[in-house]
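S.K.: Dock chains B, C and D with the ligand against the given chain A, drawing on the hints supplied.
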Amino acid sequence: MARVVVDVMPKPEILDPQGQAVANALPRLGFDGVTAVRQGKHFELEVADDVDDATLAKIAETFLANPVIEDWTVRRVEA
Amino acid sequence: MARVVVDVMPKPEILDPQGQAVANALPRLGFDGVTAVRQGKHFELEVADDVDDATLAKIAETFLANPVIEDWTVRRVEA
Amino acid sequence: MRVGVITFPGTLDDVDAQRAVRYADGEAVPLWHGDHDLKGVDAVIVPGGFSYGDYLRCGAIARFAPVMQEVIEAADKGMPVLGICNGFQILAEAHLLPGALTRNHKLHFVCRDQWLAVENNTTAWTTRYDKGAEILVPLKSGEGGYQADEDTLKELEDNGRVVFRYVGDNPNGSRNNIAGITNARGNVVGLMPHPEHAIDALTGPTDDGLGMFLSLLDTVVKA
Amino acid sequence: MIDTVKNAEATPDQEQPYRELGLKDDEYARIKEILKRRPTDAELAMYSVMWSEHCSYKSSKVHLKYFGDTTTDEMRSKMLAGIGENAGVVDVGDGWAVTFKVESHNHPSYVEPYQGAATGVGGIVRDILAMGARPLAVMDPLRFGRPDAEDTKRVLPGIVAGVGGYGNCLGLPNIGGEVVFDESYQGNPLVNALCVGAMRVEDLHLAHASGTGNKVILYGARTGLDGIGGVSVLASETFDDTAGKRKKLPSVQVGDPFTEKVLIECSLELFEKGIVAGIQDLGGAGLSCATSELASAGDGGMHVRLDRVPLRATGMTPAEILSSESQERMCAVVEPANVEAFLEVCAKWDVIATEIGEVTEGDRLVITYHDEVVVDVPPRTVAHEGPVYHRPIERPADQDELQANTPDSLPRPAKDELLALVKTMAASPNLASKKWVTQQYDRYVRGGTVLAQPSDSGMIRIDEETGRGVALSTDCNGRYTKLDPYEGAKLALAEAYRNVAATGATPVAVTNCLNFGSPEDPAVMWQFEQAVKGLADGCAELGIPVTGGNVSFYNQTGSTAILPTPVVGVLGVIDDVRRRIPTGIGAEAGETLLLLGE
Ligand SMILES: Nc1ncnc2c1ncn2[C@@H]1O[C@H](COP(=O)(O)OP(=O)(O)O)[C@@H](O)[C@H]1O
Numbered sequence: 003m004a005r006v007v008v009d010v011m012p013k014p015e016i017l018d019p020q021g022q023a024v025a026n027a028l029p030r031l032g033f034d035g036v037t038a039v040r041q042g043k044h045f046e047l048e049v050a051d052d053v054d055d056a057t058l059a060k061i062a063e064t065f066l067a068n069p070v071i072e073d074w075t076v077r078r079v080e081a
Numbered sequence: 003m004a005r006v007v008v009d010v011m012p013k014p015e016i017l018d019p020q021g022q023a024v025a026n027a028l029p030r031l032g033f034d035g036v037t038a039v040r041q042g043k044h045f046e047l048e049v050a051d052d053v054d055d056a057t058l059a060k061i062a063e064t065f066l067a068n069p070v071i072e073d074w075t076v077r078r079v080e081a
Numbered sequence: 201m202r203v204g205v206i207t208f209p210g211t212l213d214d215v216d217a218q219r220a221v222r223y224a225d226g227e228a229v230p231l232w233h234g235d236h237d238l239k240g241v242d243a244v245i246v247p248g249g250f251s252y253g254d255y256l257r258c259g260a261i262a263r264f265a266p267v268m269q270e271v272i273e274a275a276d277k278g279m280p281v282l283g284i285c286n287g288f289q290i291l292a293e294a295h296l297l298p299g300a301l302t303r304n305h306k307l308h309f310v311c312r313d314q315w316l317a318v319e320n321n322t323t324a325w326t327t328r329y330d331k332g333a334e335i336l337v338p339l340k341s342g343e344g345g346y347q348a349d350e351d352t353l354k355e356l357e358d359n360g361r362v363v364f365r366y367v368g369d370n371p372n373g374s375r376n377n378i379a380g381i382t383n384a385r386g387n388v389v390g391l392m393p394h395p396e397h398a399i400d401a402l403t404g405p406t407d408d409g410l411g412m413f414l415s416l417l418d419t420v421v422k423a
Numbered sequence: 017m018i019d020t021v022k023n024a025e026a027t028p029d030q031e032q033p034y035r036e037l038g039l040k041d042d043e044y045a046r047i048k049e050i051l052k053r054r055p056t057d058a059e060l061a062m063y064s065v066m067w068s069e070h071c072s073y074k075s076s077k078v079h080l081k082y083f084g085d086t087t088t089d090e091m092r093s094k095m096l097a098g099i100g101e102n103a104g105v106v107d108v109g110d111g112w113a114v115t116f117k118v119e120s121h122n123h124p125s126y127v128e129p130y131q132g133a134a135t136g137v138g139g140i141v142r143d144i145l146a147m148g149a150r151p152l153a154v155m156d157p158l159r160f161g162r163p164d165a166e167d168t169k170r171v172l173p174g175i176v177a178g179v180g181g182y183g184n185c186l187g188l189p190n191i192g193g194e195v196v197f198d199e200s201y202q203g204n205p206l207v208n209a210l211c212v213g214a215m216r217v218e219d220l221h222l223a224h225a226s227g228t229g230n231k232v233i234l235y236g237a238r239t240g241l242d243g244i245g246g247v248s249v250l251a252s253e254t255f256d257d258t259a260g261k262r263k264k265l266p267s268v269q270v271g272d273p274f275t276e277k278v279l280i281e282c283s284l285e286l287f288e289k290g291i292v293a294g295i296q297d298l299g300g301a302g303l304s305c306a307t308s309e310l311a312s313a314g315d316g317g318m319h320v321r322l323d324r325v326p327l328r329a330t331g332m333t334p335a336e337i338l339s340s341e342s343q344e345r346m347c348a349v350v351e352p353a354n355v356e357a358f359l360e361v362c363a364k365w366d367v368i369a370t371e372i373g374e375v376t377e378g379d380r381l382v383i384t385y386h387d388e389v390v391v392d393v394p395p396r397t398v399a400h401e402g403p404v405y406h407r408p409i410e411r412p413a414d415q416d417e418l419q420a421n422t423p424d425s426l427p428r429p430a431k432d433e434l435l436a437l438v439k440t441m442a443a444s445p446n447l448a449s450k451k452w453v454t455q456q457y458d459r460y461v462r463g464g465t466v467l468a469q470p471s472d473s474g475m476i477r478i479d480e481e482t483g484r485g486v487a488l489s490t491d492c493n494g495r496y497t498k499l500d501p502y503e504g505a506k507l508a509l510a511e512a513y514r515n516v517a518a519t520g521a522t523p524v525a526v527t528n529c530l531n532f533g534s535p536e537d538p539a540v541m542w543q544f545e546q547a548v549k550g551l552a553d554g555c556a557e558l559g560i561p562v563t564g565g566n567v568s569f570y571n572q573t574g575s576t577a578i579l580p581t582p583v584v585g586v587l588g589v590i591d592d593v594r595r596r597i598p599t600g601i602g603a604e605a606g607e608t609l610l611l612l613g614e
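Heads up: the protein sequence lines correspond to chains A, B, C and D, in order. The opening residue of the first sequence carries number 3 in the working numbering; numbering runs sequentially from there. The opening residue of the second sequence carries number 3 in the working numbering; numbering runs sequentially from there. The opening residue of the third sequence carries number 201 in the working numbering; numbering runs sequentially from there. The opening residue of the fourth sequence carries number 17 in the working numbering; numbering runs sequentially from there.
Think of the hints as simulated: they come from the structure by calculation, not from any bench. For glycine and all other residues, C-beta sits at the position ideal for the given N, C-alpha and C. Honestly, I wouldn't trust all of these hints.
[Unchecked claim] Label-pair ranges, simulated between beta-carbon atoms:
{"#": "1", "chain 1": "A", "residue 1": "E63", "chain 2": "D", "residue 2": "K169", "range": "13 to 21 Å"}
{"#": "2", "chain 1": "A", "residue 1": "G32", "chain 2": "D", "residue 2": "G331", "range": "28 to 36 Å"}
{"#": "3", "chain 1": "A", "residue 1": "P29", "chain 2": "D", "residue 2": "Y82", "range": "55 to 63 Å"}
{"#": "4", "chain 1": "D", "residue 1": "H123", "chain 2": "C", "residue 2": "K331", "range": "53 to 61 Å"}
[Claimed, not checked] Derived EDC-like pairs (lysine to aspartate or glutamate); straight-line CA-CA distance at most 20 Å:
{"#": "5", "chain 1": "B", "residue 1": "K13", "chain 2": "C", "residue 2": "E343"}
{"#": "6", "chain 1": "B", "residue 1": "K43", "chain 2": "A", "residue 2": "D54"}
{"#": "7", "chain 1": "A", "residue 1": "K60", "chain 2": "B", "residue 2": "D34"}
{"#": "8", "chain 1": "A", "residue 1": "K43", "chain 2": "B", "residue 2": "E48"}
{"#": "9", "chain 1": "A", "residue 1": "K13", "chain 2": "B", "residue 2": "E46"}
{"#": "10", "chain 1": "A", "residue 1": "K13", "chain 2": "B", "residue 2": "E48"}
{"#": "11", "chain 1": "D", "residue 1": "K364", "chain 2": "C", "residue 2": "D237"}
{"#": "12", "chain 1": "B", "residue 1": "K43", "chain 2": "A", "residue 2": "E48"}
{"#": "13", "chain 1": "A", "residue 1": "K13", "chain 2": "B", "residue 2": "E80"}
{"#": "14", "chain 1": "A", "residue 1": "K43", "chain 2": "C", "residue 2": "E343"}
{"#": "15", "chain 1": "B", "residue 1": "K60", "chain 2": "A", "residue 2": "D34"}
{"#": "16", "chain 1": "D", "residue 1": "K451", "chain 2": "C", "residue 2": "D313"}
{"#": "17", "chain 1": "A", "residue 1": "K43", "chain 2": "B", "residue 2": "D73"}
{"#": "18", "chain 1": "B", "residue 1": "K43", "chain 2": "C", "residue 2": "E343"}
{"#": "19", "chain 1": "B", "residue 1": "K13", "chain 2": "A", "residue 2": "E80"}
{"#": "20", "chain 1": "D", "residue 1": "K450", "chain 2": "C", "residue 2": "D313"}
{"#": "21", "chain 1": "D", "residue 1": "K364", "chain 2": "C", "residue 2": "D235"}
{"#": "22", "chain 1": "B", "residue 1": "K43", "chain 2": "A", "residue 2": "E72"}
{"#": "23", "chain 1": "A", "residue 1": "K13", "chain 2": "B", "residue 2": "D9"}
{"#": "24", "chain 1": "A", "residue 1": "K43", "chain 2": "B", "residue 2": "E46"}
{"#": "25", "chain 1": "B", "residue 1": "K13", "chain 2": "A", "residue 2": "E46"}
{"#": "26", "chain 1": "A", "residue 1": "K13", "chain 2": "A", "residue 2": "E48"}
{"#": "27", "chain 1": "B", "residue 1": "K13", "chain 2": "A", "residue 2": "E48"}
{"#": "28", "chain 1": "C", "residue 1": "K306", "chain 2": "B", "residue 2": "E15"}
{"#": "29", "chain 1": "B", "residue 1": "K13", "chain 2": "A", "residue 2": "D34"}
{"#": "30", "chain 1": "B", "residue 1": "K13", "chain 2": "C", "residue 2": "E350"}
{"#": "31", "chain 1": "D", "residue 1": "K169", "chain 2": "A", "residue 2": "E63"}
{"#": "32", "chain 1": "B", "residue 1": "K43", "chain 2": "A", "residue 2": "E46"}
{"#": "33", "chain 1": "B", "residue 1": "K13", "chain 2": "C", "residue 2": "D349"}
{"#": "34", "chain 1": "C", "residue 1": "K354", "chain 2": "B", "residue 2": "E15"}
{"#": "35", "chain 1": "A", "residue 1": "K43", "chain 2": "B", "residue 2": "E63"}
{"#": "36", "chain 1": "D", "residue 1": "K451", "chain 2": "C", "residue 2": "D369"}
{"#": "37", "chain 1": "A", "residue 1": "K43", "chain 2": "B", "residue 2": "D9"}
{"#": "38", "chain 1": "A", "residue 1": "K43", "chain 2": "B", "residue 2": "E72"}
{"#": "39", "chain 1": "A", "residue 1": "K60", "chain 2": "D", "residue 2": "D167"}
{"#": "40", "chain 1": "B", "residue 1": "K43", "chain 2": "A", "residue 2": "E63"}
Looking at chain A on its own, in the form it has when it is part of the complex (with noise of 0.2 Å):
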């Protein structure tokens, strides 16, 4: 078994209100110091050992993010 990590993050020319919305609240909420926040999503698979990298990089584009408007990485990370 192991443990991959895949992070799906928004383009940076595309909008990304989720994360300004956390950008604009901080300050509100008395946390100066942020300029920037973008918001993805961090998925966490346990996979069989003979899943190869080519299929983890098939499984992240295909499935896990939309390649029309986000980025994504895939990591494999000690469980």
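M.R.: This is chains B, C and D with the ligand only, laid out in the frame that chain A set:
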């Protein structure tokens, strides 16, 4: 400027319908070997250099995550 | 009876809550999210909608609004407070009520007429109902699944703090079919379904929801 | 380097990628003739998008004229604004005016179903808002391919979630729509969105910029690189051999319904305070469209300072700023004395508002970027005097054959097969319950919904005191229209009309969204021409006017067009919604069932 990543995940004992939906869909799409999926949020913050770790921890705990149902991690990364 | 109805940016059902207060012969007092006082109202309704877009988590941003600090203080002193849908989410985020509301288990927004069983008719908002009565009101939410840890659930169940329970199939994956709960004192109630949309059979499925606003009238008159 | 007017004059022979931007040789030549020089990059961006089929109606204009020609003064008597405005407006009595319009967002919804559908709703809502009305409800006529096709499984849930996600968050009840499946929509689903709003008659706002010295204020979201797909050819030219060369951007816009909700409330407060002289929403073609249309409809010129536009991305060129389709923005014309009050209201709602220009004497639209002139055009040539095509029209050769193939050739079911047949029909996707879709839409919000799904028409109360309300239905049967576009359009009208009448409301006005294949196909143009005639003639017979609409061409997969789909929306008025007639047979036992008509 520093870049900070906050990952927020549903607690293990909390139902995660989104992660489950992904896990259920993968075999249908022909991807086998993924035994579990959990889905959370991934935040990328640009913060001024004078924002200390305690403040970041506070932002995560009081705002970005809801400790009743979520766990979270905060880490500084290379921008 | 003067009842404050809060409007946050993104609040939608404030007009409905105000209308429901009027139907119960009360005076609806609009409160703005930036207000620092409650204008001398007898009770407060935190209505439904998508405050601040509900982008981070439903209610997560709204609970920090200035007016909410006033509400928290007043609630602690016993003022009747009702959170409907987004309002319930805000009250939970503000820790006026325990637990949290999460994404519906089938991942879709659900709008339907929903039967509820009244389980507690002693709160400030439910005295007009018979215990065990079933009422039909709209439910419309995407994140209405009530979640809490086992201890909290036990505490709620053992002390009769579950106010409403879904009847029939669970619409959103709520633990124990919980639709609404109250705090220990019974003055703060939160529920996902919308009694304010069921005050007139012309525009809602029934007028079953009116009982909540009439209950408040009784509570305020008695106080 | 920024391509200024001065630069354009100095470099008359510079090659420009006008073909990539969709302009024909003669159209480019005409622009040069109008300007008496080559256009700048910014001007080219502006003309190319405003002269596109989508914005200029160049293939449909000659046919749409027929709507006006067949509308009598009597039909027009209740019409306060009609074809040519953002949305049609009708007087519904008691001092109330109602505005409604349906628009397509077909192609974007195929590329990115959720965001495409969401921004479709957002766009039509801003159209209604720009008339000065409070948006009250939405509807969504949808068409998909076969329900079991892979593409439908990708597209349908996203579109439904997008319509719901945006509309629900805006607090607009969804009071109706359509879900129809047909093979022809497989690679080209239809997402039409309708919005209806109401206002007091005296609050009607029209999109024009008049009054020299009046200020032009852009308010709402920041401007980013959304939806400038086409125009990025200009950017890559501009940045050619620098590191700033920008990859081709996806022309996907992301909606922010929360920002739009705040924009609505902020705008309504501005209207109420009477401090808006003219207003225009920003939709397709963004600032290009808003500034040229405002200036063109006004009686002066306009000067816009592009460098003042609040941006979300860095390094945007003037052409990109003009073409950006960032959502949730509005453009207002405000008298100088009211600017401060205007900005105050925006501040209350946390809405960014920026004075970006002013109405000037003369009749030029001049746009500067850091004091250099990048656009200097007669606005009418951009907004209203685009190209007009008389496309070839030809009745398809197989139309007779199609019509000859009647149901008479089908076997009749035997008596004992009827039950099974009824069950099959009831379970067929086009007749089955649409609850899976409609229960994702909030139909209760704001407490004015009197009828919604599954009623024949939606009905919404506009006045709580008197109970005055309106009913709305949209309909179209593309198979009928394919068989006979003229009669098919009439039938769509008749169906919507009946649906409205059946609720107890009196039909008063019509809007439409004409979804067709490629206008370059003479057979499609024949369908289009016939459908417009049928709809207009039907309206004349019924005595209610077409007050507006929208045309969507190029709905096809390869060379196969969709079924011709002229979606017709009918608006009815009821003076007291308590007298509505709900759908459904039998509230009590013993009622009599009557069949009316032949
Ligand atoms: N099918 C149609 N029937 C009647 N009027 C139409 C039709 N299509 C477009 N129009 C009218 O043409 C005008 C321009 O269309 P509009 O949709 O406003 O352009 P834009 O795409 O720039 O918003 C509008 O007044 C609209 O009502």
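S.K.: Which hints from the list above does the structure break, by number from lowest to highest?
M.R.: 6, 26, 29
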